[in-house]
Amino acid sequence: AQKVTQAQTEISVVEKEDVTLDCVYETRDTTYYLFWYKQPPSGELVFLIRRNSFDEQNEISGRYSWNFQKSTSSFNFTITASQVVDSAVYFCALSENNAGNMLTFGGGTRLMVKP
Amino acid sequence: DAGVIQSPRHEVTEMGQEVTLRCKPISGHNSLFWYRQTMMRGLELLIYFNNNVPIDDSGMPEDRFSAKMPNASFSTLKIQPSEPRDSAVYFCASSPEGGWEKLFFGSGTQLSVL
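Protein chains in written order, with the numbering used here: chain A, 13 to 127; chain B, 5 to 118.
If we strip away everything but chain A, and leave its shape as in the complex, we get (with noise of 0.2 Å):
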């Protein structure tokens, strides 16, 4: 069974909308982390944030945003008043302390800014 599910493969927004982005994971065990990565066009992944499975405080970074809830397990992302430059690749990723801590990605989700 996959870990990390991001059911939205592709979304595409006009600027300045709100988007969510999904992420429901999978583990048994109960120290975790979960994080996102960002993929823009030029390739390179670039980290947004870690969670433990400790702490359940939401996260606000700029336009950006994280809701962690345990109890439907799942570590969603918000972009608020989206710009062009938003449009990559977004990963959400689950790293397992009974799994050695390696890192699985969920199959990401495309996010397209339109001007």
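Read the hints as simulated data drawn from the structure, not as lab findings. Here the structure is a predicted model, which means the values were calculated and not measured. One should not assume that every hint holds.
Unchecked claim - Distance condition first, Cα-Cα at most 27 Å in a straight line; then the derived DSSO-like pairs of lysine-lysine: (1) B:Lys-106 / A:Lys-82; (2) B:Lys-28 / B:Lys-82; (3) A:Lys-28 / A:Lys-50; (4) B:Lys-106 / A:Lys-15; (5) A:Lys-50 / B:Lys-28; (6) A:Lys-50 / B:Lys-106.
Chain B: place on chain A using the hints.
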């Protein structure tokens, strides 16, 4: 710091040839990862080293793939013989310690096997 350095950026080769991809992790990082990215399979972890020792190579597709980390500042991923289905972008990443830390990715090697 220069970041994770991968070479070459692009590699075009013919089926059956040996291909060697190179990676220099960030100095001081103890963990190194090789990932492969394709449209069909997304980002797959191939192998993970910690302190130069392979910890998990269960993602290595088959015996044609091998990876080494002879010292803390260098790793190679070798494919011999290469096949067209190996065409992909291969990323190297390093972290201070393990996959629970932020990973720093290289720019990737775009491999095309004709």
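Against the structure, the hints come out as follows:
| no. | hint | result |
| --- | --- | --- |
| 1 | B:Lys-106 / A:Lys-82 | holds, 21 Å |
| 2 | B:Lys-28 / B:Lys-82 | holds, 15 Å |
| 3 | A:Lys-28 / A:Lys-50 | holds, 19 Å |
| 4 | B:Lys-106 / A:Lys-15 | holds, 19 Å |
| 5 | A:Lys-50 / B:Lys-28 | holds, 22 Å |
| 6 | A:Lys-50 / B:Lys-106 | holds, 13 Å |
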